[in-house]
Amino acid sequence: MRLLLIRHGQTPANVHGILDAVVPGPGLTELGQQQADALPAALADRGIERLFASTMVRTQITAAPLATALGLEPVVLPGLREIEAGDTQGKNDTVSVQTYISTVHGWSGGDRTTRMPGGESGTEFFERYDDAVRQIEASGVAVAAAVSHGAAIRTWASAAAQNTPDHFGTKRNLENTGIVELEGSSADGWRLVDWEGEPVGGDQLIDRTALDPTGERF
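Going by this note's numbering, the sequence shown opens with residue 1, and the numbers climb by one from there.
The set of hints was computed from the structure by calculation and includes no laboratory data.
Watch out, some of these pointers could steer you wrong.
Here are the computed lysine to aspartate or glutamate pairs in the EDC-like style, where the Cα-Cα straight-line distance is at most 20 Å [unchecked claim]:
(1) K171 with E198
(2) K171 with D111
(3) K171 with E181
(4) K171 with D194
(5) K91 with E120
(6) K171 with E196
(7) K91 with E216
(8) K171 with E216
Pair ranges (Cβ atoms, derived) [said to hold, decoys possible]:
(9) E49 with D93: 40 to 46 Å
(10) D166 with V23: 29 to 35 Å
(11) G90 with T68: 29 to 35 Å
(12) N92 with K171: 20 to 26 Å
(13) A138 with L211: 33 to 39 Å
(14) A69 with S102: 35 to 41 Å
(15) S121 with N92: 21 to 27 Å
Cβ atoms here follow ideal geometry from the backbone N, Cα and C, with glycine treated the same way.
Start from the sequences, fold in the hints, and give me the full structure.
Structure below.
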């Protein structure tokens with residue numbers, strides 16, 4: 001299977017550098033909607049057969065234009081949601097952001113027993129994200145797209161891709177509507193095909209003033 005993991009469009013929390021991982025979460029900014037609207041043209045030739053989103057509103061809004069263009073109904077999978085912020089939820093101070101980032105950075109390097117303060121452990125995160133990916137595989141299609149989240153995509157893809165070094169994803173940006181493309185399966189392993197760190201709709205959709213801690217390299 002070819003799997004496209006699409007980061008959602010920009011949210012108000014992304015603009016202000018706020019850690020926000022509680023379901024259902026905020027919607028999109030005006031720029032975020034423009035990023036979402038650009039997906040159908042940018043992905044027209046990818047052969048997407050099924051479309052998935054998390055339980056968080058921002059992924060479902062982002063998926064909507066693509067779903068309409070492809071005539072697909074997005075399937076909502078809880079396991080695709082963002083990594084829980086725990087005690088750092090709703091905060092944007094330096095200590096809180098560093099706590100969140102250092103925890104997920106450790107997970108991507110193999111230390112999955114560490115728990116986000118007040119939140120989930122790496123083991124729990126990978127179990128539910130792996131399960132979501134297996135559900136996507138069970139759809140039986142050759143190409144699927146899933147709209148998910150910055151920290152979740154980068155952490156899972158870094159660990160899943162067998163052809164990349166440790167912390168590969170955490171050392172690269174993943175702007176809103178950036179895409180990580182993988183090929184393979186849960187049974188046989190995954191291979192990174194492409195890391196499109198900027199919005200697929202073009203440079204004009206980048207907000208270079210946004211603080212966005214889960215979109216920048218850790």
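TODO: Return holds or violated for the Cβ distance of N92 and K171 against the range 20 to 26 Å.
DONE: The hint (20 to 26 Å, Cβ to Cβ) holds, given that N92 and K171 are roughly 22 Å apart.
TODO: Verify the proposed pairing of K171 with D194, using a straight-line Cα cut of 20 Å.
DONE: Within the cut-off at roughly 15 Å; holds.
Task: Pairwise hint evaluation, E216 against K171, where the allowed Cα distance is 20 Å at most - done: Given that 20 Å is the threshold and the Cα spacing comes to 8 Å, the pair holds.
Open item on the list: Tell me if the beta carbons of A138 and L211 are separated by a distance inside 33 to 39 Å.
Closed with: 38 Å, holds
Open item on the list: With the threshold set at 20 Å, check whether the alpha-carbon distance from K171 to E198 stays at or below it.
Closed with: Holds, at about 14 Å.
Open item on the list: Hint check: K91 vs E216, CA-CA at most 20 Å. Holds or violated?
Closed with: 17 Å, holds
Task: 20 Å limit on alpha-carbon distance, applied to hinted pair K171 and D111 - done: Holds, at roughly 17 Å.
- [ ] Can you let me know if the beta-carbon spacing of A69 and S102 is within 35 to 41 Å?
- [x] 39 Å, holds
TODO: Could you grab the alpha-carbon distance between K91 and E120 and see if it respects the 20 Å cut-off?
DONE: 17 Å, holds
Open item on the list: Would the hint linking K171 and E181 be met if the CA-CA limit is 20 Å?
Closed with: 16 Å, holds
Task: Range agreement (Cβ of T68 with Cβ of G90, hint 29 to 35 Å) - done: This hint holds: roughly 32 Å between Cβ atoms.
- [ ] Can you let me know if the beta-carbon spacing of E49 and D93 is within 40 to 46 Å?
- [x] 43 Å, holds
Checked against the numbered hints above, the structure breaks none of them.
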